[in-house]
Amino acid sequence: MKVPPVVKVLVKRALILFVIVLIATYITILVANVGGYIDDLKKKEIEFQVAQAVQNNPQYKDLSPVEKTALIKKLAQVEIKRQGLDQPFIIRSFRYLWDAITLDLGRAEKMTSDSGSRSVRVIILERLPQTILLFTTATVINFFIGLFGGLSLSRKFGSFLDRLVIYLSPTSAIPGWFYGIFLIMIFYTWLHVLPPGGLVDYPPPPDPVGYVLSVLKHMILPLLSWIVSNFFIGIYSNRTFFLLYSTEDYVEVAKAKGLPPGQIERRYILRPALPPIITQFAFAVVFSWSGAIITETVFNWPGLGLAYYQAINLVDVPVIVGITVVFGYLIAATVFILEILYGLVDPRIKAGLGEAL
Amino acid sequence: MALLEVNDLVMYYRTRKGTVKAVDHVSFEIEKGETLAIVGESGCGKSSLSRAIIRLLPRNVEVYEGKVFLNGTNIMELSEEQFRKEIRWRKISMVFQGALNALNPVLKVGEQVAEPLIIHMGMDKKEAIREAREMIKQVGIAEAFVDRYPFELSGGMRQRIVIAMALITDPDLVILDEPTSALDVITQANVMNLLKRLKKERDLTYIFITHDIALASELADKMATMYAGQVIELADSESYFGKPLHPYTQKLLGSVPTLREDKEITSIPGTPPNLLNPPVGCRFRPRCDQAMEICEEEPPMFSLDGEHRVKCWLYRGEE
Amino acid sequence: MSVVSEELSLKGVVKELLSYKSAILGLIILAGLIVLSIYAILFTPFAESGALWNDQQVWLKYPRTAAPEWTNIFSGKKLPKNVYVNMSKPVNISKEGTRIKRTYISEFSFNYDDTPSEVIFFFNASYEKLRPKISILWIRPDGENLSLGEYKIRKGGTSIYLSNNLRLISDLQETIEERLGKKVNKSLTLEDILFRDFRTGDVMKGTYTVRLDVLVKNETDRVEWQGIVYGKVYGLAGTDDKRRPLHLGLLWGAPIALAFGLVASLSITFIQLIISAISGYYGGKVDSVIQRLTEIYMILPFLPMLVLVQLLYGMNLWRLLLLLIVLSIFGTSVKTYRVWVMQLKSYPYVEAAKAYGASNMRIIFLYILPRLIPPTIPSLVLAVPGYVFLEAALAFLGLSDVNIVTWGRIVEEAFSEGALYKGYYHWVLMPSLMLVITAISFALIGIALDRIVNPKLKEM
Numbered sequence: 001m002k003v004p005p006v007v008k009v010l011v012k013r014a015l016i017l018f019v020i021v022l023i024a025t026y027i028t029i030l031v032a033n034v035g036g037y038i039d040d041l042k043k044k045e046i047e048f049q050v051a052q053a054v055q056n057n058p059q060y061k062d063l064s065p066v067e068k069t070a071l072i073k074k075l076a077q078v079e080i081k082r083q084g085l086d087q088p089f090i091i092r093s094f095r096y097l098w099d100a101i102t103l104d105l106g107r108a109e110k111m112t113s114d115s116g117s118r119s120v121r122v123i124i125l126e127r128l129p130q131t132i133l134l135f136t137t138a139t140v141i142n143f144f145i146g147l148f149g150g151l152s153l154s155r156k157f158g159s160f161l162d163r164l165v166i167y168l169s170p171t172s173a174i175p176g177w178f179y180g181i182f183l184i185m186i187f188y189t190w191l192h193v194l195p196p197g198g199l200v201d202y203p204p205p206p207d208p209v210g211y212v213l214s215v216l217k218h219m220i221l222p223l224l225s226w227i228v229s230n231f232f233i234g235i236y237s238n239r240t241f242f243l244l245y246s247t248e249d250y251v252e253v254a255k256a257k258g259l260p261p262g263q264i265e266r267r268y269i270l271r272p273a274l275p276p277i278i279t280q281f282a283f284a285v286v287f288s289w290s291g292a293i294i295t296e297t298v299f300n301w302p303g304l305g306l307a308y309y310q311a312i313n314l315v316d317v318p319v320i321v322g323i324t325v326v327f328g329y330l331i332a333a334t335v336f337i338l339e340i341l342y343g344l345v346d347p348r349i350k351a352g353l354g355e356a357l
Numbered sequence: 001m002a003l004l005e006v007n008d009l010v011m012y013y014r015t016r017k018g019t020v021k022a023v024d025h026v027s028f029e030i031e032k033g034e035t036l037a038i039v040g041e042s043g044c045g046k047s048s049l050s051r052a053i054i055r056l057l058p059r060n061v062e063v064y065e066g067k068v069f070l071n072g073t074n075i076m077e078l079s080e081e082q083f084r085k086e087i088r089w090r091k092i093s094m095v096f097q098g099a100l101n102a103l104n105p106v107l108k109v110g111e112q113v114a115e116p117l118i119i120h121m122g123m124d125k126k127e128a129i130r131e132a133r134e135m136i137k138q139v140g141i142a143e144a145f146v147d148r149y150p151f152e153l154s155g156g157m158r159q160r161i162v163i164a165m166a167l168i169t170d171p172d173l174v175i176l177d178e179p180t181s182a183l184d185v186i187t188q189a190n191v192m193n194l195l196k197r198l199k200k201e202r203d204l205t206y207i208f209i210t211h212d213i214a215l216a217s218e219l220a221d222k223m224a225t226m227y228a229g230q231v232i233e234l235a236d237s238e239s240y241f242g243k244p245l246h247p248y249t250q251k252l253l254g255s256v257p258t259l260r261e262d263k264e265i266t267s268i269p270g271t272p273p274n275l276l277n278p279p280v281g282c283r284f285r286p287r288c289d290q291a292m293e294i295c296e297e298e299p300p301m302f303s304l305d306g307e308h309r310v311k312c313w314l315y316r317g318e319e
Numbered sequence: 001m002s003v004v005s006e007e008l009s010l011k012g013v014v015k016e017l018l019s020y021k022s023a024i025l026g027l028i029i030l031a032g033l034i035v036l037s038i039y040a041i042l043f044t045p046f047a048e049s050g051a052l053w054n055d056q057q058v059w060l061k062y063p064r065t066a067a068p069e070w071t072n073i074f075s076g077k078k079l080p081k082n083v084y085v086n087m088s089k090p091v092n093i094s095k096e097g098t099r100i101k102r103t104y105i106s107e108f109s110f111n112y113d114d115t116p117s118e119v120i121f122f123f124n125a126s127y128e129k130l131r132p133k134i135s136i137l138w139i140r141p142d143g144e145n146l147s148l149g150e151y152k153i154r155k156g157g158t159s160i161y162l163s164n165n166l167r168l169i170s171d172l173q174e175t176i177e178e179r180l181g182k183k184v185n186k187s188l189t190l191e192d193i194l195f196r197d198f199r200t201g202d203v204m205k206g207t208y209t210v211r212l213d214v215l216v217k218n219e220t221d222r223v224e225w226q227g228i229v230y231g232k233v234y235g236l237a238g239t240d241d242k243r244r245p246l247h248l249g250l251l252w253g254a255p256i257a258l259a260f261g262l263v264a265s266l267s268i269t270f271i272q273l274i275i276s277a278i279s280g281y282y283g284g285k286v287d288s289v290i291q292r293l294t295e296i297y298m299i300l301p302f303l304p305m306l307v308l309v310q311l312l313y314g315m316n317l318w319r320l321l322l323l324l325i326v327l328s329i330f331g332t333s334v335k336t337y338r339v340w341v342m343q344l345k346s347y348p349y350v351e352a353a354k355a356y357g358a359s360n361m362r363i364i365f366l367y368i369l370p371r372l373i374p375p376t377i378p379s380l381v382l383a384v385p386g387y388v389f390l391e392a393a394l395a396f397l398g399l400s401d402v403n404i405v406t407w408g409r410i411v412e413e414a415f416s417e418g419a420l421y422k423g424y425y426h427w428v429l430m431p432s433l434m435l436v437i438t439a440i441s442f443a444l445i446g447i448a449l450d451r452i453v454n455p456k457l458k459e460m
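Residue numbers (the numbering used here), protein chains in the order written: chain A, 1 to 357; chain B, 1 to 319; chain C, 1 to 460.
Everything labelled a hint here was simulated from the structure, so no lab data went into it. Take the hints with a grain of salt, since some may be wrong.
[What the hints assert, rightly or not] Selected chain C positions facing chain A (in silico; Cβ < 8 Å): (1) 22; (2) 84; (3) 157; (4) 299; (5) 303; (6) 307; (7) 308; (8) 309; (9) 389; (10) 398; (11) 402; (12) 436; (13) 439.
Glycine included, C-beta positions come from ideal geometry on N, C-alpha and C.
Using the sequences and the hints given, assemble the complete structure.
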């Protein structure tokens with residue numbers, strides 16, 4: 001069976017991305033463990049597990065507490081040795097890397113998930129959907145505002161609207177979370193129309209429709225803060241972009257051919273511009289992940305970012321390291337999806353040539 | 001009746017530094033089946049002229065007036081929508097300079113050639129592609145290329161596709177704006193041969209714009225010299241090459257080396273004029289070695305023998 | 001679309017920049033910030049700013065959470081500033097038992113529409129054996145005398161906080177109720193008692209007198225005192241809950257913000273250019289490796305990494321800066337710059353240089369890099385606000401350097417002390433305003449530069 005070249009390219013990219021994630025995770029682990037933090041955690045975890053095992057083992061029921069402690073210590077040492085944790089730093093770090101890749105992220109020191117579990121993986125999986133919901137929505141909305149706003153503005157080059165957008169572009173130098181603070185001040189503290197944060201009303205509405213509406217209500221301000229932040233620069237840079245693309249020779253040819261203006265815009269300006277637009281979108285999504293931490297903190301949004309913040313405050317190292325690793329995965333996954341899209345859109349990639357992102 | 005009659009066509013556009021008089025009262029006619037070649041230096045306005053005819057105006061256009069009669073109808077009077085539907089590509093098509101970028105990189109070549117048929121003739125896609133196949137075969141490219149993308153074709157091939165694209169609706173007039181400037185000499189020769197063949201086969205009417213006067217001589221029935229936004233000489237090829245009248249034309253022909261004669265090559269002193277502030281009076285005056293006092297006034301177009309026209313005071317009494 | 005083909009001179013760029021009104025505005029604001037920074041460094045104890053900011057004792061004489069003075073214009077009320085009740089010569093020296101009594105009378109006028117925030121008396125005493133005794137009498141413009149108690153003070157400095165002396169307040173309230181002949185339903189503050197008309201409840205304007213009696217044992221015993229009637233407004237930017245004048249904090253934050261943003265942006269851009277020059281020029285293996293590094297950097301979660309290091313290894317601003325630079329140098333801009341380098345590589349003057357035997361290093365640094373700089377200037381300028389806000393974001397998460405005063409830190413402190421709920425809006429708004437102004441000034445300049453440097457747009 002002949003494999004289409006685009007699939008070959010994508011598989012190659014997937015493998016490269018995987019290796020990159022591996023390296024990025026490894027770097028994270030190195031950074032976290034240079035001070036020996038992960039080592040300490042692992043050792044404590046082993047001691048905990050051994051202690052549990054000893055307590056529950058009927059064999060050791062009759063031992064005195066002192067004897068038990070000594071036994072636990074001895075067994076723990078054996079286990080530590082068995083897991084190779086007394087080995088040199090390099091070997092240890094590879095073990096941790098394996099754990100991280102297989103998402104065996106250990107147990108949190110102080111935090112628990114809503115379901116009461118201490119497993120870092122559970123905590124992360126519980127919070128992940130909210131982050132994806134909020135930030136994907138924000139990025140997609142901003143993307144379309146920029147795209148269609150920029151496209152229609154490029155038709156009005158030099159007009160008052162054009163200059164207005166340019167003059168207001170500096171408002172985008174202020175990040176969304178900063179606007180968020182002031183939006184809360186206006187819409188909650190002053191006007192009392194919108195909630196200051198959180199995911200749903202408390203107590204949450206029992207019916208699914210009410211629940212969804214409540215979540216949407218809580219999403220308004222965080223979304224608005226990022227929309228306001230990106231609004232003018234998004235439209236402006238897309239407009240510049242489309243202007244540049246509309247000065248291409250083949251656009252003039254299309255006009256000479258007598259093609260209707262709508263078709264020219266779609267097939268001769270927008271279509272060729274899609275590959276770099278997708279690249280832009282990729283960067284926007286990746287950027288939004290990194291803004292997640294502080295935005296979720298400001299809005300008390302129960303996602304990965306807020307979990308990160310809480311972990312920082314409690315200095316819960318396993319959670320911190322775990323979330324950092326998961327962020328890396330998220331970014332890699334996003335990049336990969338966008339590369340697939342890119343491949344669908346740019347014929348040069350379809351033919352198996354060149355690199356997308 | 002002439003196929004195309006251009007009367008006093010004007011196109012000025014505005015820049016930060018002032019108004020550029022790109023096309024300044026240009027007039028000429030072409031009969032069906034004729035090829036008019038327009039030669040001139042870079043920046044003399046010939047490209048602007050071609051675009052003015054097909055109404056591809058720059059964003060900052062300031063003045064656009066005159067009369068352009070196509071088969072007797074003044075197409076300048078048509079509305080934008082009418083012009084788009086009736087004239088563009090149906091009656092007048094264009095082959096652009098630098099075909100490297102004239103094709104949309106993300107659309108298949110066949111689709112682009114077929115587009116005018118779908119838009120202007122209302123054909124359905126399948127049939128249009130079939131016609132496109134035929135057409136590209138005519139220009140000497142294998143039919144299979146209909147499904148390829150522009151980046152898969154060489155420069156010469158792309159230029160042929162652009163030509164195919166320009167001919168597919170069987171227009172009355174084809175404007176070719178420096179169609180071979182971006183090509184190497186051999187490909188250029190091939191493309192010129194193609195153009196000649198098609199002209200003969202289909203009785204095409206061309207406006208051929210170039211800075212290469214030797215190239216123009218291969219195809220042209222009629223020649224025009226353009227300088228600083230104006231047509232300064234207009235004649236059939238024999239008269240033009242046999243007895244060039246305008247000093248500028250003479251100098252142009254003098255600068256082309258010939259194969260068989262031992263000619264002394266002359267060059268034209270000075271630099272081309274700035275279309276922002278063209279010289280008052282005859283625009284060639286600052287560089288003309290036959291300039292007279294009266295040349296400070298703009299000369300009208302003198303018509304010798306009713307055929308050979310020249311815009312130069314030297315021929316004042318000869319009408 | 002070749003960006004580097006234009007020959008742009010620095011002078012030409014600057015001249016054209018000045019033709020944009022928005023850029024002029026940005027430059028004016030930036031100049032203002034630079035002036036503030038220079039002022040802060042030269043004319044204030046900037047080097048010790050961190051230590052001073054953290055030392056509560058330094059700020060004792062400033063009012064707590066005072067709003068900026070100009071808010072008086074908007075509120076319509078004239079809120080009080082600090083009023084100082086100063087020690088002058090004793091009006092009377094007499095003997096009381098075994099002790100010497102020095103009586104001081106000081107007057108001050110109070111013409112504000114609202115009561116002060118606190119009243120505190122400061123003493124500095126030196127004595128041989130017995131502790132001096134102080135008694136304070138408060139005389140209001142309406143003639144009411146109120147005794148503010150008797151106190152024994154120690155050697156060195158003592159402060160007597162009257163405002164939270166609940167016993168004193170309830171005693172005084174009883175006194176008033178007796179004099180009025182009726183009960184007052186609200187619980188009054190000390191300032192209400194000292195400054196308000198008992199019948200109307202309005203603040204009494206006029207001359208207030210304080211009579212302070214100091215009882216010492218020995219002639220040589222010295223007691224110096226000062227009373228401060230604390231205002232509710234102070235200065236240009238008000239104060240925070242630790243009495244620190246915000247205008248000083250904002251002043252000290254200015255050079256830090258500018259230095260941080262500019263150093264980050266300049267170093268990152270410069271290093272990225274060098275890396276992309278090497279990558280694009282040498283090609284081959286070196287290029288591939290650098291490309292992979294770029295991709296790794298894209299995957300590495302930037303902010304979490306910063307947070308991780310700051311948290312685990314201590315919160316130091318300059319280490320943060322270094323880390324920020326390290327985590328950004330193989331950023332995605334390297335890909336863009338590399339394309340430009342590859343375009344430049346094929347230019348004739350580069351080939352000519354190779355022909356006359358120029359070393360690769362020389363070509364890179366003398367021919368390629370200088371031509372890369374103009375198109376990077378807009379993004380360099382535009383990146384600065386991002387870094388300034390990044391520091392603020394980290395401060396907001398609680399990861400600020402305790403030894404340095406930054407605007408982000410002030411905002412964070414405001415939030416964690418609930419400034420918005422308590423109505424201390426200036427505490428949040430003033431540092432936020434500085435952040436916003438800084439961001440906008442760089443953005444205005446950067447956007448204008450972008451329009452200048454982008455060659456295709458110039459043609460339009």
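Going down the list of hints, with the structure as the test:
Because the smallest distance between the Cβ of residue 22 of chain C and any Cβ of chain A comes to about 6 Å, under 8 Å, the interface hint for this residue holds. A cut of 8 Å between beta carbons decides the hint on residue 84 of chain C: the least distance to chain A is about 36 Å, and the hint is violated. With a cut of 8 Å, the hint placing residue 157 of chain C at the interface with chain A is violated, because the nearest CB-to-CB distance is about 37 Å. A least Cβ separation of about 5 Å between residue 299 of chain C and chain A falls short of the 8 Å threshold, and the interface hint therefore holds.
Taking 8 Å as the C-beta contact cut-off toward chain A, the hint placing residue 303 of chain C at the interface holds, the least distance being around 4 Å. With 8 Å as the threshold, the beta carbon of residue 307 of chain C comes within range of chain A, its nearest partner Cβ sitting at about 6 Å, so the hint holds. The beta carbon of residue 308 of chain C comes within 6 Å of a beta carbon in chain A, closer than 8 Å, and the hint placing it at the interface holds. Checking residue 309 of chain C against chain A: minimum C-beta separation of about 6 Å stays under 8 Å; hint holds.
Because the closest C-beta pair between residue 389 of chain C and chain A is about 5 Å apart, less than 8 Å, the hint holds. Hint status for residue 398 of chain C: holds, given a least beta-carbon distance of 7 Å to chain A, under 8 Å. Of the supplied interface hints, the one on residue 402 of chain C is violated, with its beta-carbon coming no nearer than about 16 Å to a beta-carbon of chain A, more than 8 Å. Checking residue 436 of chain C against chain A by beta carbon gives a least distance of about 6 Å; that is within 8 Å, so the hint holds.
Below 8 Å, beta-carbon pairs count as interface contacts, and residue 439 of chain C has one with chain A at about 4 Å; its hint therefore holds.
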